[in-house]
Every structure is written in structure tokens, then in C-alpha cells.
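Student: Sequence lines, in order, name chains A and B.
Following our numbering, the residues of the first sequence are numbered contiguously, the last one being 112.
Following our numbering, the residues of the second sequence are numbered contiguously, the last one being 114.
No wet-lab data here; the hints were simulated from the structure.
Incorrect hints may have been included.
[Claimed, not checked] As a list, the in silico BS3-like pairs of lysine-lysine whose alpha-carbon atoms are at most 27 Å apart:
1) B/Lys57 / A/Lys42
2) B/Lys57 / A/Lys104
3) A/Lys2 / A/Lys42
4) A/Lys67 / A/Lys104
5) B/Lys57 / A/Lys67
6) A/Lys2 / B/Lys57
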Amino acid sequence: QKEVEQNSGPLSVPEGAIASLNCTYSDRGSQSFFWYRQYSGKSPELIMSIYSNGDKEDGRFTAQLNKASQYVSLLIRDSQPSDSATYLCAVKAGGGADGLTFGKGTHLIIQP
Amino acid sequence: KAGVTQTPRYLIKTRGQQVTLSCSPISGHRSVSWYQQTPGQGLQFLFEYFSETQRNKGNFPGRFSGRQFSNSRSEMNVSTLELGDSALYLCASSPGDKGVYGYTFGSGTRLTVV
Numbered sequence: 001q002k003e004v005e006q007n008s009g010p011l012s013v014p015e016g017a018i019a020s021l022n023c024t025y026s027d028r029g030s031q032s033f034f035w036y037r038q039y040s041g042k043s044p045e046l047i048m049s050i051y052s053n054g055d056k057e058d059g060r061f062t063a064q065l066n067k068a069s070q071y072v073s074l075l076i077r078d079s080q081p082s083d084s085a086t087y088l089c090a091v092k093a094g095g096g097a098d099g100l101t102f103g104k105g106t107h108l109i110i111q112p
Numbered sequence: 001k002a003g004v005t006q007t008p009r010y011l012i013k014t015r016g017q018q019v020t021l022s023c024s025p026i027s028g029h030r031s032v033s034w035y036q037q038t039p040g041q042g043l044q045f046l047f048e049y050f051s052e053t054q055r056n057k058g059n060f061p062g063r064f065s066g067r068q069f070s071n072s073r074s075e076m077n078v079s080t081l082e083l084g085d086s087a088l089y090l091c092a093s094s095p096g097d098k099g100v101y102g103y104t105f106g107s108g109t110r111l112t113v114v
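Start from the sequences, fold in the hints, and give me the full structure.
Tutor: Structure representation (C-alpha cells):
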């Protein structure tokens with residue numbers, strides 16, 4: 001059974017610091033990796049996608065992928081109170097099978 | 001550009017009834033998938049459609065079904081509702097086949113079964 005594991009938190013980070021969110025996955029055939037942000041009472045919002053090993057940067061966000069270790073991470077630089085949300089890691093298998101498998105999310109709190 | 005539109009936003013149904021939820025994807029997106037979100041199980045994949053064909057189905061009973069129309073709009077149906085079906089149902093669309101470019105979610109339909 002495909003699994004995606006995340007620390008549920010809460011993860012508390014001071015404003016302006018770097019928030020580091022981690023995710024591991026069980027299916028070695030996974031090809032596409034996504035980070036979603038979900039505010040309370042809202043739907044998930046795609047913030048990063050990554051497909052190959054290494055780092056991918058977009059503004060204050062950096063996604064990191066290590067397929068050998070089956071590990072994905074998200075770094076948020078210069079954290080702002082508006083970054084406080086639940087961050088969901090999602091993984092899609094190669095060949096398009098089975099839709100997205102989501103972790104249960106990490107609750108991030110940015111303290112002013 | 002309009003986002004993914006789901007209707008209705010809220011529904012209250014009685015156990016044993018059936019319900020149909022609707023989803024209009026982003027214009028030009030041909031892949032539509034459905035997810036169930038509950039506090040205990042998180043987000044779970046229900047099914048995915050591309051060009052009116054069901055591509056994949058998650059581990060849900062046959063009471064959950066769906067379809068996609070030629071204009072890419074999609075509906076999902078749940079028959080013989082159970083209390084445990086109370087959840088947020090999310091529709092997501094993707095521009096390409098197999099969703100490799102990620103999915104954009106709608107605001108969801110909050111279903112309460114009493």
C-alpha cells in the first residue's frame with residue numbers, strides 16, 4: 001500500500017526564520033511530487049511541484065527531492081505569519097496510476 | 001481565468017439517500033479527479049477521469065461513482081449514504097493526462113449525513 005508520511009506537528013517557527021517540512025514516501029515508482037498549502041476551512045492550493053532529484057526554487061519556497069532516500073522536503077525562507085497553514089505532501093506514481101497519495105499534513109505556525 | 005467550480009458548497013442528507021455533486025474544471029483542463037477529505041483519514045483519492053473515461057479508482061465501495069461529460073464537467077454520485085460519508089469532497093482538474101503537472105482544487109462540497 002502506497003504511503004506518504006509527514007510529521008503532523010504543530011511545527012512552530014519564528015517569523016523571518018526558515019521553516020523546514022519533510023515527507024517520506026513508500027512507492028519507489030513515484031514520479032511526481034507536490035506540496036500543497038491548506039488554510040483552515042479552505043481547499044488545498046498547489047505551491048510547488050518537483051519531478052527530478054535536487055532542488056527547485058520558487059520565490060521563498062524551495063522543494064528538495066531525493067528519490068534514493070524516498071524523501072521530499074519543503075523549505076520556506078523568511079517565514080511570514082501568513083504562511084501559517086497545513087502543508088500537504090502529495091505523490092503520484094509513474095504511469096499515472098492511482099491519483100495522488102497525500103500525507104496527512106504538517107501544521108505550521110509562524111510566530112510573530 | 002475561472003478556477004475549478006464545485007456545486008453545491010454545502011449539503012445535508014439523510015442516511016440512505018443518494019447525492020450528486022458537480023464539478024466544472026478550469027477551461028481547457030481535461031483531467032478531473034475527486035478526493036474525499038476527513039479529519040481522520042485526510043485526503044483520499046476517489047477516481048480520475050480523462051476525456052470521459054475513468055482512468056483510476058481509489059479504494060472506495062461501489063456506492064461511489066462518477067462520470068465525465070464531453071465538456072469535461074464531472075459529477076460524482078454517492079448512493080445509500082452512510083454517516084461515515086460525511087466529509088469534504090474535493091474536485092481537482094489538471095491540464096494534461098495523468099495529472100503529472102499537478103492538480104488545481106475547487107472549494108469543495110461539504111456533505112453532512114444525518
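Student: State the violated hints by number, sorted upward, taking the hints as numbered earlier in the document.
Tutor: none
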